[in-house]
Amino acid sequence: LPAAVLLKDTKLMDVKLGQLGSWLAMRDFTPGGIMGAIRRGHERYYNKYINVRKGGLGGISMVLAGYVILSYMWSYDHIKHDRRRKYH
Amino acid sequence: MLSRLVLRAAPAALRALPPPVAVGVLHATRTLHTTQQSLAPVPPLPEKGGEVRHGLIPEEFFQFLYPKTGVTGPYMLGTGLLLYLLSKEIYVVNHETAAAACILTVIIYAIKKFGADVAAFADKLNEEKLASALAMKNEAIQTLQTAIEEEKKEQWRVEGRSYLFDAKRNNIAMLLETNYRERLLTVYNEVKKRLDYQVAMQNLKRQKEQDHMIQWVEKNVVQSITPQQQKESIAKCILDLKALSKTAHAAV
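Respectively, the protein sequence lines represent chains A and B. Numbered per the working numbering, the first sequence spans residues 2 to 89. Numbered per the working numbering, the second sequence spans residues 1017 to 1268.
The set of hints was computed from the structure by calculation and includes no laboratory data. Glycine included, each C-beta is placed from N, C-alpha and C at the ideal position. A couple of the hints might just be wrong.
What the hints assert, rightly or not - Distance ranges between label pairs, derived from CB positions:
| # | chain 1 | residue 1 | chain 2 | residue 2 | range |
| --- | --- | --- | --- | --- | --- |
| 1 | B | 1058 | A | 65 | 24 to 32 Å |
| 2 | B | 1158 | A | 43 | 47 to 55 Å |
| 3 | B | 1067 | A | 43 | 35 to 43 Å |
| 4 | A | 37 | B | 1087 | 33 to 41 Å |
| 5 | A | 58 | B | 1153 | 37 to 45 Å |
| 6 | B | 1117 | A | 87 | 24 to 32 Å |
| 7 | B | 1067 | A | 21 | 24 to 32 Å |
| 8 | B | 1151 | A | 58 | 29 to 37 Å |
| 9 | A | 43 | B | 1058 | 46 to 54 Å |
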């Protein structure tokens, strides 16, 4: 009998699709929790791609690509007007 | 080890104190640092970072799709996604697209051409930093090692301290002996001088008494020779002389 793991402690990739809603509801959304989550994410990314002996290009290029995509999404309302259609 | 004994005995001692005092005393008797210090030595940095394909997509994504779609899965996904974005004009092709294309071309060309050199240069810088830090560490270890050697030598020297003190003690004893003997000689000389003085005094006294007595006796004798006796003695002497001369003539 495998040890029952609480839903709270499972990682995101192990959560079944049906449990996603309840899993999201259980997360810690206090400001401290959000800061903690940001810090954890940053630590993971930093220690995996940047804080190494022979760091490669992927470390910063992924961050820059993410920034490009995010800024495109934020300025979509402005770029909408350059679409090739008759009626905007 | 003794500190652990103290730490174990301390709670009992604290409880033995009267309650107000025990509350006031800082309860620092729980053992701190119960686990091994795990902060040193720091684990070394990993050699290479996470794999990234085409500089943009982490390798984990390809591995994630491999069981279901094989090798070409992610590329098909990428192509389909791109076509969808273009056809629905979620990604709008405008002047910025041309600018982005030019910039990306230049960037990719530069990376392909100079990437290896820049990486080698950065690695060299890192190596130099590491080497200097390592050299400092080794030097520190070396100095500490020599310090340990010196300390051991000093400890060995301390063992010879007893010989040094023995030699010094001998020196001092000899000095004391010499001094004592010198003083003994001085005492002897002084006493001898005093005794000689006494002896000389006695001799002088006796001599003076003798001389005085002889003089006195002579003086008295001379005084007592009356003129009559003097004449008698002179006449006797003449008679004796005559007799002697006679016998001398006879002998010759």
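Tested hints:
no.	hint	in the structure
1	B:1058 to A:65: 24 to 32 Å	holds (30 Å)
2	B:1158 to A:43: 47 to 55 Å	violated (40 Å)
3	B:1067 to A:43: 35 to 43 Å	violated (20 Å)
4	A:37 to B:1087: 33 to 41 Å	holds (38 Å)
5	A:58 to B:1153: 37 to 45 Å	violated (32 Å)
6	B:1117 to A:87: 24 to 32 Å	holds (26 Å)
7	B:1067 to A:21: 24 to 32 Å	holds (28 Å)
8	B:1151 to A:58: 29 to 37 Å	holds (31 Å)
9	A:43 to B:1058: 46 to 54 Å	violated (20 Å)
When the structure is compared with the earlier hints, violations turn up for hints 2, 3, 5, 9 and for no others.
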